[in-house]
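There are 4 protein chains.
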Amino acid sequence: MADAKLNVGFLGLGIMGEAMARNLLKSGLFASVTVWNRTLAKCQTLVSEGAKMAETPAAVVSSCDITFAMLADPDAALAAVFGDNGVLKGISAGKGYVDMSTVDEATSTKIGEAVTAAGGRFVEGPVSGSKKPAIDGQLIIMGAGDKELYEQCQPAFRVMGKKSFYLGATGAAARMKLVVNMVMGSMMGAFCEGMALAEKSGLEQTALLEILGLGAMANPMFALKGPAIMSRSYPPAFPLKHQQKDLRLALALGDSLNQPLPVAAAANESFKAAKALGRGDDDFAAVYEATQQK
Amino acid sequence: MADAKLNVGFLGLGIMGEAMARNLLKSGLFASVTVWNRTLAKCQTLVSEGAKMAETPAAVVSSCDITFAMLADPDAALAAVFGDNGVLKGISAGKGYVDMSTVDEATSTKIGEAVTAAGGRFVEGPVSGSKKPAIDGQLIIMGAGDKELYEQCQPAFRVMGKKSFYLGATGAAARMKLVVNMVMGSMMGAFCEGMALAEKSGLEQTALLEILGLGAMANPMFALKGPAIMSRSYPPAFPLKHQQKDLRLALALGDSLNQPLPVAAAANESFKAAKALGRGDDDFAAVYEATQQK
Amino acid sequence: MADAKLNVGFLGLGIMGEAMARNLLKSGLFASVTVWNRTLAKCQTLVSEGAKMAETPAAVVSSCDITFAMLADPDAALAAVFGDNGVLKGISAGKGYVDMSTVDEATSTKIGEAVTAAGGRFVEGPVSGSKKPAIDGQLIIMGAGDKELYEQCQPAFRVMGKKSFYLGATGAAARMKLVVNMVMGSMMGAFCEGMALAEKSGLEQTALLEILGLGAMANPMFALKGPAIMSRSYPPAFPLKHQQKDLRLALALGDSLNQPLPVAAAANESFKAAKALGRGDDDFAAVYEATQQK
Amino acid sequence: MADAKLNVGFLGLGIMGEAMARNLLKSGLFASVTVWNRTLAKCQTLVSEGAKMAETPAAVVSSCDITFAMLADPDAALAAVFGDNGVLKGISAGKGYVDMSTVDEATSTKIGEAVTAAGGRFVEGPVSGSKKPAIDGQLIIMGAGDKELYEQCQPAFRVMGKKSFYLGATGAAARMKLVVNMVMGSMMGAFCEGMALAEKSGLEQTALLEILGLGAMANPMFALKGPAIMSRSYPPAFPLKHQQKDLRLALALGDSLNQPLPVAAAANESFKAAKALGRGDDDFAAVYEATQQK
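Protein chains in written order, with full-length UniProt numbering: chain A, 1 to 294; chain B, 1 to 294; chain C, 1 to 294; chain D, 1 to 294.
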C-alpha cells in the first residue's frame, strides 16, 4: 500500500473542509480525491480544480480507500454515517473512515462501532485550529482509534496539518479536545479577571497586555483577545456558548472520574453568567462582559 | 543633565542586584557606580570591576544623583531607607531614589512619602523576570511615581531591562505586579487541572503538553512547568507560598474595589490546599499536588 | 367519586413503601388496598393486616382506581411501567397512576407520557423525608402532573404525609426536589467549612454547634450531623454519591437556564473531592473529610 | 464576693446597650448600675429608672467593680478605652472590663492587653442576636479572656442572655463570631441560589419556602429572609457590606491556618458582586440581586 497511490474521499466542504480537501488535492499524493457536500453545488470549485464528485457519502466511500469527513456538528456527523446512502452503505472490509469533525465521545464511539461492525476501520481526528491553519495546512490533528489506519493517514495528515498525535482508542481524541478547551476556558476567565482588576484599580489595560506579552505567560490568545476585550467587540471566532458547553462537558468528565476541578467550575459559572447576559453567540472573550459588569 | 554623566548608586547585591549593577557599570553611561550591600564583602567583585563602594545607604545616596535598590523583601527595603544611616540620612533636594525591590503598595507608598518629604524624588520599579534576564539585561521594569525621574532613568532602565513602563503614581507598579501574578496563579491552577484530568481520563500528559504548545495558548510557563509537574519535582523558582500570598492580596484589592474575581478565588483555595499539604516552599507548580491528590 | 370509597394499589414495599401502604390500609378510607412487590413474599405482612395482593403491576392497576408506587430508582420505576405485565398493560381510561419514587425529570416525563397515551392519568409525587416520617405519616409530598388526580389523592396524601404541594406540570416535582437538594448540599458544604475552621482556629466544635443551635440558623440537619462529624462517623442516611449526583443535576439544570450557581458549583467540587477519597457510600456529611483533610 | 452585691457599669446606650443595661438594672442583682454614653443625654431615661450616670468612661470604671461596654464599632471601642478619660484612666487592680461590642480579634486583643497591663481583668463578650433578644434578655454571649471574671459575670450574663459560652483566651470569641458569620454568609448564598433556580425553572418560590420550612433544613433565617427576597425588599437588619467583610475576614483566618474554604470563597464573590451592584447598605439577603441578576 506504500507504493500504490490511494484514492481518498472527503465529506463536508464547509470553510474548513474545503480547504483541507484542496490541500489533499494539491499535494499530488493521491490517485484521486472524491468530494461530497450536502449541498452538492459547493463541490464545483474543487471539481474545477481536479477533484471528482460523488452524489452520496456511500458513493464516496465505496469508490475510495480512505474517506475523511469534516462536518458541522454531531448531528451532521451522524447523518452522514447512518442516513440514507450514508457511509455505512458504502463501507466494506478494509476501507478507512476518518472523522475529523468536532464531536463528543459518545457520538464518535457510536460512529466508530458502526463502521467497525461493517468491516471498516475508523479513526477519529478532531483538529485544533480554524480557517487560516486549515488553508495553510497547519492544523493540529488529534487522532484516536485504529492505529494502523492512523499510520496510513500520515501523508494526508502531513498535508492538512503541522502535527498529528495518536492518543489511544476511539474517544481519546474527543477527551483530549475537552481537556484542551477546559484549560482554554479557565485561562480566558483568568485573563478577563486580570483585565477587569487592572481597569478597576486605575491601571492601563494596554500596559497589562504588553507586560503579559513580554513574560512567561505570553501566548497568542492573550495577544489576540486583549485588544478585542479593550474595544468590547467580540466577533465570534469560537462562540461563547460552545466554550461554555465544553467546560460543562469537561466538568462532567471530571465528575465521572472523581477529579475535582474548582478553577474550571468557577470559570464555567462566569461563562454561564455571560450567556445569561445574551453573549452566547459572541466570541468566548465576551466572558469579560460578565466579569466586568458584576 | 542630558550632557553630564550621572553618578549612580546601587543598594543590594543579591543574585539580581549584582547583575543589574554590573550592567550599569559595564554600560559606560555613568560617571560612577557606587554600590552597597548589607554584607559589605559582597561588594568586592564589583569594586574589582570598577565600582566604588560605600559603607552605608546614606553614604551611597549622598554621593550619587540617582540610587537604585534591589532588596530582598519589604523589611529589607524599609530598613535600608528608615534605618540608621539609611537612605533618608543621605537624601536631599533633587536626588533620586528608585526602589526596584518587590514590595507591597503600602511599603512602597511609605518609602515614597518619606523620600519626597525629605526633598528627594521617588520611583518604584519592580521587575518581571529572574536571574537570567537580570544578567542579560532583559528585565521588564514596571515604573511608577515621579515621572521626571522615571524619564531620567531611561538610559539605566535600557541597560537593565528590555522594556520599561510608566504606570502612574506611586503604588501603580505594585498593583500591576499583583494583577500579573493573579493571572499567573489562576493560569497555573487551570493548567494543573488540565494535567490532572488528562491523567485521570487515560491521556498522556506529554501529548497534552505538546498540543498546548502548538496552539493559541502556547506559553513559556506551560512549557517550563509541564515537565516539572510530570516528574512531580518542584525546585522553587517562585515559591508557592508567595504565589498564594499574591493571590490573597489581589483578592483583597478586588474586594476593596468591588471587583468579583471568582476564578482567582477558586485558584487561591487550591494554592491554600497545597500549602496545607506542606508545599509552601516548593515551586508554585506544586499546586498540582493539591489538584491531583484530591 | 367523593362518596364511593376508592380501590387503591401500591407498588413497591421497601422500607418506605411498606410503611406508606400500611398507613393507607389503616386509615380505613379505601375500599381496598392491593399491593405488589418484585419479591412477592414481601407482601405477606400487609396481606395479614388486610391488604390484597396482586402478582403483577398490571394486575394491581387493572383492579384499582388509583395506584401509588414507591420504587427504588429510575430503572425500577421504568421497569414497573414498561416491563412485561407492567402498569401500561393494566391502565385504561380514567385510572390514576401516582409515582412517588425519586426519579429524574426525564424518567418521570417518559412515564407520564406513556400513562397518558394509554388513557390514564398521571401524578409524580416524590417525597421529602425518610423511614421515620414514612411510618408516622409525616412525609412532605411534592406533586405535579394531572391536577384533578392530585386533588383526588388528597385523602391518601393526608394519610401518608403532613403536607402536599401541587407544583405544576409533570417534571415540576422532580425539579423541586433537585432545588431542595442543591440547597442542602451547599448548606452541608458551608457547615463543614465552619466546623473545620473552628477546629483549625482552636475553637471547640461543640461550642460552635451550640451557638448555631441557638441562633437564626438553627436547623435539624446541623443538630443531627454535627455530632456525626465530630465523631467522624458517617452511617449513610443519604449517601454522599447521591448528594453529589443531585448537585451535578442541579448545576446542569442551572446551565440549561443560564442561571449561574457559583456556591453550589464550589460545594459540588468538595463533594467530588470526598468521593475521590472513597466516601461516596458514606453519609453526605462525610464531605467534612474532604474539607478538613485538605 | 458572692455575698456582697457588685457595682456595675455600662458604656454605650445604643439600641442594644440601653436594653442590656436596663435588664441589669431591673434584675435587682447589683448594688448600682452606672451608665455612660458619648451623648450623655441618652442616659436620662435609665437614670429616671434608677441608674446612676457618670460623665466619662474613666468615672464609670473607677466607681464600679465590673464595667460592661456595647459600642458601635472597633473605633468606638478603642476610643472608649484609649481616649481622654477613657477606661484606662479608671482601671485598677482587680477591676473587670467586659467588652461586648463586635470587634475584630486584633482590636479585642489590643484592648485586653492594655486593661491587663493596667492591672485590670478583661473579658471579650460579643453577642449573637439583635434588638429583640437584647430587650428580652435572650442574647447568646460568646465569652473569652479572663476565666475568673467570666465566671463572676454569670449573673449579669444570665440577665442579658439566654446562654453564654466560655471559649478560651482573648480573641477566641471574635474568631467564633467570624466562623458563625461565615457559615451564615454561605448559607444565605446557597439559599439565594435555590430561590433563583426555582424561579428560573418555573417553580413557585413560596412552595420552595414551605418545603424547606417543613424539612431538615428548616431554620428561622430562611423563614424570615425568604419573603424579603420574594418582595425584593431588603431593609437592613445586618448590612450586606458587613456580611461581606466578615466573609473576607473569615477567609483571611482560613488563609493564615491553611484551611481551604471554597464554598465560603464562592459566596464571598457573590456578596462582592452584590456590593458592586450598590447593595452594600441593604440587608445581606440582597445578595439575591447578584444571584438572580446574573
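It is worth saying that the hints were derived from the structure and are not from the lab. The C-beta atom is built at its ideal place from N, Cα and C for all residues, glycine as well. There's no promise every hint is true.
[What the hints assert, rightly or not] FRET-style restraints, in silico, Cβ to Cβ: (1) C:233 to D:84: 53 to 61 Å; (2) A:278 to C:206: 20 to 28 Å; (3) C:63 to D:218: 37 to 45 Å; (4) C:130 to B:252: 50 to 58 Å; (5) D:235 to C:233: 27 to 35 Å; (6) C:130 to A:237: 36 to 44 Å; (7) A:278 to B:256: 55 to 63 Å; (8) B:106 to A:15: 34 to 42 Å; (9) A:218 to B:230: 48 to 56 Å; (10) A:218 to B:147: 34 to 42 Å; (11) B:252 to A:148: 52 to 60 Å.
[What the hints assert, rightly or not] Take a look, some chain C residues computed to stay more than 10 Å from chain D by CB distance: (12) 5; (13) 106; (14) 219.
[Said to hold, decoys possible] For lysine-lysine, the following DSS-like pairs were computed, each having C-alpha atoms within a straight-line distance of at most 30 Å: (15) A:110 to B:200; (16) C:132 to A:241; (17) B:110 to A:200; (18) B:200 to A:163; (19) B:241 to D:5.
Right, here's what the structure says about each hint:
Between residue 233 of chain C and residue 84 of chain D, the C-beta spacing of about 57 Å keeps the proposed range 53 to 61 Å intact. Under the hint 20 to 28 Å, the C-beta atoms of residue 278 of chain A and residue 206 of chain C, about 50 Å apart, miss the expected range. Between residue 63 of chain C and residue 218 of chain D, the C-beta spacing of about 40 Å keeps the proposed range 37 to 45 Å intact. For the pair residue 130 of chain C and residue 252 of chain B, the beta carbons lie near 44 Å from each other, so the given range of 50 to 58 Å is not met.
At about 43 Å, the CB distance of residue 235 of chain D to residue 233 of chain C disagrees with the hint of 27 to 35 Å. Look at residue 130 of chain C against residue 237 of chain A: about 51 Å separates their beta carbons, and that is not inside 36 to 44 Å. Between residue 278 of chain A and residue 256 of chain B the Cβ separation comes to about 30 Å, which falls outside the hinted range of 55 to 63 Å. Roughly 53 Å separates the CB atoms of residue 106 of chain B and residue 15 of chain A, a value that falls outside the hinted 34 to 42 Å.
Between residue 218 of chain A and residue 230 of chain B, the C-beta spacing of about 22 Å breaks the proposed range 48 to 56 Å. In this structure the supplied range 34 to 42 Å is violated for residue 218 of chain A paired with residue 147 of chain B, their Cβ-Cβ distance being about 27 Å. A C-beta distance of roughly 58 Å is found between residue 252 of chain B and residue 148 of chain A, which places it inside the suggested range of 52 to 60 Å. The Cβ of residue 5 of chain C sits about 29 Å from the closest Cβ of chain D, beyond the 10 Å cut-off, so the non-interface label holds.
Once the 10 Å rule is applied to beta carbons, residue 106 of chain C is consistent with being away from chain D; the minimum gap is 14 Å. With a least CB separation of 4 Å from chain D, residue 219 of chain C falls inside the 10 Å interface cut-off, contrary to its annotation. Proximity of residue 110 of chain A to residue 200 of chain B is assessed by CA-CA distance (about 23 Å); at most 30 Å being required, the pair is judged to hold. For the proposed pair residue 132 of chain C and residue 241 of chain A, the alpha carbon gap of about 46 Å is over 30 Å, so the pair is violated.
Proximity of residue 110 of chain B to residue 200 of chain A is assessed by CA-CA distance (about 23 Å); at most 30 Å being required, the pair is judged to hold. About 24 Å separates the Cα atoms of residue 200 of chain B and residue 163 of chain A, which keeps this hinted pair within 30 Å; it holds. For the suggested pair residue 241 of chain B and residue 5 of chain D, the alpha carbons sit about 55 Å apart, so the restraint of at most 30 Å is broken.
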